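Visitor: Generate the whole structure from the sequences, applying the supplied hints.
Residues in the sequence shown are numbered consecutively from 1, following our numbering.
Derived by calculation from the structure, the hints in this document are not laboratory data.
Being a predicted model, the structure only gives us computed values, none of them experimental.
Mixed in with the good hints there might be a few duds.
Pairs of lysine-lysine, DSS-like flavour, derived with a Cα cap of 30 Å [as the list claims (entries may be wrong)]: (1) K107 with K49; (2) K22 with K85; (3) K22 with K107; (4) K87 with K22.
So the derived label-pair ranges between C-beta atoms look like this [claimed, not checked]: (5) V162 with L15: 17 to 23 Å; (6) H31 with S166: 31 to 37 Å; (7) R184 with E86: 40 to 46 Å; (8) L110 with A169: 16 to 22 Å; (9) G88 with S156: 16 to 22 Å; (10) I23 with S177: 20 to 26 Å; (11) P50 with P118: 19 to 25 Å; (12) R184 with V162: 16 to 22 Å; (13) K85 with L159: 27 to 33 Å; (14) L21 with V163: 22 to 28 Å.
Yeah, the Cβ is synthetic: ideal placement off N, Cα and C, and Gly gets one too.
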Amino acid sequence: MFFFGHLGITFGIALLFFRVLKIDPDQNPNHRLYPAVLIGAILPDLIDKPIGEILLADSISHGRLFAHTLLFVFILFLIGIYLYKEKGRIDGFVLSGATFMHLLQDKMWLTPETFFYPAFGFTVFPQGVVETHWWDFFLTAFFYTYPSYLTAEISSSFLFEVVGISILALFCVQRISTRMWRLRE
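Guide: Pasting the structure below:
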């Protein structure tokens, strides 16, 4: 799954959780819940892709490292506990929950060496494909995600991207129409 898939699907699930738990992000005094969801949805990739695919491209060349572990989510959860106890803020919990959703969307349980790091040792990250240049990874990922006009195949990653974009677009349209309605009153 890629950028908009992670953002949109995690955001949609978070909106459902907010509704079920009767949390109104607009009434949150700091208005940090939406940004916490959006940042948490892509935080593992923001950390691991540059490290694994650029800095360690000649050795590990893998984009799922430390931030794709349960240990990372647990550390974020501990930060959430601290923020809640000290300042009464829940955005730390939201950030850790959105990050956990990212791991679920990436199906990290299929690579338990990374998911449960360091339970299987400290040097167990899987070896990725070493590319000639770091940008080859990103170009290859882009072209394998989005369908070619030459083939009829549509990847599941592309479908998740469409769903994610749709969720984000519907949210934006709803917000804009609600504000316009309020301005008319």
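Visitor: State for each hint whether it applies.
Guide: Tested hints:
1. K107 with K49: Distance ~16 Å between K107 and K49 Cα, so the pair holds.
2. K22 with K85: OK: K22 and K85 at ~20 Å, within 30 Å.
3. K22 with K107: Given that 30 Å is the threshold and the Cα spacing comes to 29 Å, the pair holds.
4. K87 with K22: Within the cut-off at roughly 20 Å; holds.
5. V162 with L15: 17 to 23 Å: holds (18 Å)
6. H31 with S166: 31 to 37 Å: violated (24 Å)
7. R184 with E86: 40 to 46 Å: For E86 against R184, whose Cβ atoms are near 42 Å apart, the range 40 to 46 Å holds.
8. L110 with A169: 16 to 22 Å: Because 30 Å falls outside the window, the suggested range is violated.
9. G88 with S156: 16 to 22 Å: Taking Cβ atoms as reference, G88 and S156 lie about 41 Å apart, which means the hint is violated.
10. I23 with S177: 20 to 26 Å: holds (22 Å)
11. P50 with P118: 19 to 25 Å: holds (21 Å)
12. R184 with V162: 16 to 22 Å: 33 Å Cβ-Cβ, so the 16 to 22 Å window is violated.
13. K85 with L159: 27 to 33 Å: violated (41 Å)
14. L21 with V163: 22 to 28 Å: holds (23 Å)
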